[in-house]
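Per the working numbering, the very first residue in the sequence shown carries number 1; after that it's consecutive.
Hint data in this document are derived by calculation from the structure and do not stem from the laboratory. Keep in mind that this is a model prediction, so the values were computed, not measured. Zero decoy hints are in this set.
For each label pair, taking beta carbons as the anchor points, the in silico distance ranges come out as: (1) Thr126 to Leu13: 40 to 48 Å; (2) Ala97 to Leu18: 45 to 53 Å; (3) Thr71 to Val37: 30 to 38 Å; (4) Leu18 to Ser120: 30 to 38 Å.
For each residue, glycine too, the CB sits at the ideal point set by N, CA and C.
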Amino acid sequence: MFLELVATFIAGLAGAGLMMLINRLTGRRLPKWLTPVAAGAAMIAATISSEYGWYDRTRDTLPEGFSVVQTVESKAFYRPWTYAWPYTERFVALDTASVRTNQNLPDMRMADLFFYGRWSPLNRMTVMVDCVENRRAPLVDAIEFNDNGEVIGADWIPVAETDPLLTSICEA
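Let's have the full structure, built from the sequences with the hints guiding it.
In structure tokens:
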């Protein structure tokens, strides 16, 4: 975050410097107020570029075997352009190498999900998915397994057959 602040200041200096150069090349005919306006416009452009580029930069650095299964786009009234072009604020990635199956329960899968957010730390959660009954449950500390490998005490959430998390885990 600190580096983005520095980059924004540098963009402002570059915008002001460019306007000062253009003013000098035109024989100082431009109004002086254009310099801070150009600096502000460059800073806003750098910030918007950083917001829209975050998802692509982060997705491209995912480890081998990770796949994005869900994204969340953001729109805000104080960013009116986001209504026309929303940007990805967070996403969920599946570690396909972590998908595990119990041979006693072949329709149940366990996998690790990673939650990436623009301004939040990386979070990891293990989930259990029932590929036949179309449901999933987060595996938290209170969860136990019986001798057969069935989950005891899980808070199952019914999901649609087309749920991206369900299909990604069941097809992995």
